[in-house]
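Asks: So the chains spell out like this:
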Amino acid sequence: MTAAPVQLAEAGGGPSDAGAPVRSRRRTGKGRRRSSRMAYLLLTPGLLWLALFFVVPMLFLLSQSLQTGSVEQGYRLTFRLATYTDALSTFSPQFIRSFVYAFLATLLALLIGYPLAYAIAIKAGRWKSLLLVMVIAPFFTSFLIRTLAWQTILATDGPVTGFFRVTHLLSITSGLGWTNGDQLLSSPLAVVAGLTYNFLPFMTLPLFASLDRLDPRLLEASGDLYASPAETFRRVTLPISMPGVVAGTLLTFIPAAGDYINSKLLGNPNTTMIGQVIDGQFLRVLDYPTAAALSFTLMVTIVVIVAIYVRRAGTEELL
Amino acid sequence: MTATSKAPAATGAPPSAAPAGAGDLVLSALSKRFGAFVAVDELDLVIPQGSFFALLGPSGCGKTTTLRMVAGLEDPTTGSISIGDEDITARKAYQRPVNTVFQSYALFPHMTVRDNVAFGLQRRRQKEVRRQVDEVLELTELTTLAGRKPAQLSGGQQQRVALARAVVNRPAVLLLDEPLGALDLKLRRQMQVELKRIQNEVGITFVHVTHDQEEAMTMADTIAVMNAGRVEQLGSPADLYENPATTFAANFLGQSNLIAATIAGRDGDRVRLDLPAGSVTAPAGRVPPDARSVWMGVRPEKIRLGPAGDARAGTNVMAGARVIDVSFIGVSTQYLVRTPWDQELMVFEQNQGVSRLHRPGDLVDLLWAAEHTFALDAAQDASAGVIIDPDAVAEPAGAGSGSASGPARSDPAKSGSGSGSSGPVRAAAGAQK
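Top to bottom, those sequences are chains V and X. Under the working numbering, think of the first position of the first sequence as 1, with each following residue one higher. Under the working numbering, think of the first position of the second sequence as 320, with each following residue one higher.
Here chain X stands alone, though its shape is the one from the complex:
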């Protein structure tokens, strides 16, 4: 797996495929400029054949432009794109073995569902169009709607037609441009599961562009977090979540508490970090090797509120924080606490029925395991990648997760998503590695 232009050591990158394997999608030094604006900046990426790959980033980060260049709908300014050994950079869209599921679906309004799905096969003069179309209609549960026009379908059905129309061609790479963006929450969940199932069944490489970190984490094997035309970090969802390499990744995937710290001393595999008040330890592997000042990071759900006396060896303690807001969600309680140096931190406590609920104004100590502490180079902006969520602004206490995580919490067992609730599950997975 190629790391990236910015290359903050793609921690725990998935098993690296042989360079340019049979049908890997390879982007080499791919750039796109619109006038003075650099949309995509010297992007190097290898997407292994058969993987479910997500390009995740805020709007304007270049992810859609990257996708459109792969589809052939946009010409790269420099760089090349190849699939396997074949360079497709110069090929027109209609000559590439690549299909796209458009955000707006772009279904042909004058054709029935069946004709829409058959379109690509017919253009390539394929045999047995009818049988292939029938199969895909079955796969996407559209058989009974085959005779309808797109205008007679609901949003979710149109989405499935768009998917069927692309999948039926068995492209080397299937591109999904925010495919679920236009669907309501419930349908989006359903389609996430369905997309994953279909990808498993057909085994085509899926490249999925999204700004929804939860969607990316639910579906993708590998996520490339993009920012300002570059890949910030690459890895499996658990990797990215547990080992963010940049403040952007730390903030964009879930939430992080970042505290300015200086490195006080290294002791074997432990590093001592001085906070504005007190000090903590972190595993040496999670601290940039030659940094002096860093951002000390810890995920909100890793922190426990309790009396410092409880602390066992290997536990970081930050004493004297004051609870300023509490929101009880059921699955967990989200606390906003203020440190003695007036910084606000998030703490998510699982509702295991053991600890009592704190109230605003309570003085508490924050405890977390030393191995859950990470440090990032202080040269970066601590607020990079923070998701400005209108709901969160309206009620700061609810800022625990993206606005989209509501229903996930209604069923914690599924744990499918919600930055808040998916965190611990991923954490468990990550910790075992």
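This is chain V alone, in the form it adopts within the complex:
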């Protein structure tokens, strides 16, 4: 057999699998230069877009927040930092409320979205595509319409409120301060429910994506290695789906924290969120510096929270 000498020669190399790294090391300098130039080319349109429509407006916003004056007399850049302290001391309840609501909505969306995504990814079989379409279906209607629909769903003479009343859940939620009197609408409960509903697809889809990639044989292997189903979930399924959890919670928390539609349509004056305040300051009070200062603070706070969260979740280790 002509191949024999070749194979022997290879065998002479010893147990070569021992140290063979998987990544390819060989890459010529020329190749790297070309591929990095290509990378820049591909990045350019996106970077330009961001620079024009994100960085520049951010700078305007920052500058606006440090100006003094009025709409009638015009504004001047005076670097008045007191705008920030004034705005924060006035609106800190709305700030805190926004983050609490956003946190609750994110948590609820995770609790609803995870089993949903798990079922679609692992148990749905041939119904997978249909169920996915159903998750996305609400996007065919506008955000505003969907939120208005919740006014009907939670209407005081509607079936949901009726159910809450009959089961005495309503008196419990009222006792906790989540609802007022004998209605569900115009309450913190309604706002959080609306937020949860509106952002659920943003939670479900990344979770689905990560669970769909989960190799079912890993679950078998875990069972084979003495892990009960609960332990398998905790040790294998959940850690492997962490990138999806992180992506989903970010995609829910960030827009929920700045949302002002749900609290406006489903809440009451005591459920005002910071988005509503900014909206009011910009468009009705016309106090541009305060509105800009609040916007800027909101953005920085979210960035800080997200940075801490992503670091603690340690998702980079999963890749």
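Since the hints were made in silico from the structure, they are not lab data. Glycine included, C-beta positions come from ideal geometry on N, C-alpha and C. Don't take every hint at face value.
[What the hints assert, rightly or not] If the Cβ cut is set under 10 Å, some of the chain X residues that face chain V in the computed set are:
1) A425
2) L440
3) L494
4) T600
Based on the hints, put chain X in the right spot on chain V.
Replies: For chain X alone, coordinates are given in the frame of chain V:
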């Protein structure tokens, strides 16, 4: 040793353990149906504690389903599984003292090698996890890779992690589902040796599922040849090779020349068989007792090409065959010859430097010792278990052995494998019995 459902007298079965010995794995009337398809059909099997047992068969024969039922990953339709005296049929996978090395390895991608290996021990709240893991990492030569993630390992290394992760739990039975299937040839050889070494060191019962007859023969003490959900034959590699009980076993393990024959007469311990032209004798013990027509079988490497005049007493001679193809392999020469009744037969001649090379077109006589002749019931399909090998189809002369036997031939002294080259070695072992 229990014979099997089909029970073609498991010839020379290994020393039968006491029924359900201390930790024997016992499968009783085990069946699995998927709808109308019967994957495993009333399987009865006793796998002695501490043995290296191979379930060998073509894909779809039910071997993997059997393994998965033992692991608890598939529920049997009927029948029971027990280890020693303990019936584990109803237990969940995570409650069974059984571990599996998966074909795809199924390593946890988010854990290091060390954490992967420690997983089973931690789930059972074992003490001294660290020490036990260290020992097994050493055994599998993974110590230096303990901190790596599976994605940073080569295929062979991942395979060893999968093995270490299972072995560390000291299960009563270790199941290996085509564990070497994803490795290249060279690595597969290396791992075969390593698996055997590890099995010797830890002394755990290994049940190895494979479709590679060479791999099964190299490693296993006992092989169960499976076909269509049943065990065709059970025995040691040498037994199975030398005394195939069915045409499937004769063709699936190595190669056989099967010729339609009728029994012309019995004479003490000799049976005379009439071939389409001429007749041969076979030992009475290797002929089904009350058959009239049979398949006369002889392994290709048992046949010598030569002038009939050379024949000594006790040699079967089949004259007038024509060489139609020759492939010189070095260790041996493989001839394809055509009999006077137009049947093609394989002949492997060892390269001992004594006989001259024949050329296509040469007229030759086939000679083989009478005791190397066997006969199988003619009711069976003569082509059952023939391995359809794409390489073999491409070049019929090279069909002498499975496509996987290349490198084995490069080192005949090792003789580890290759249906072609392992045959004679096993034959010697078998003949002494």
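Asks: Among all the numbered hints in the text so far, which are the ones the structure does not match?
Replies: Of the numbered hints given earlier, the structure breaks just one, which is hint 4.
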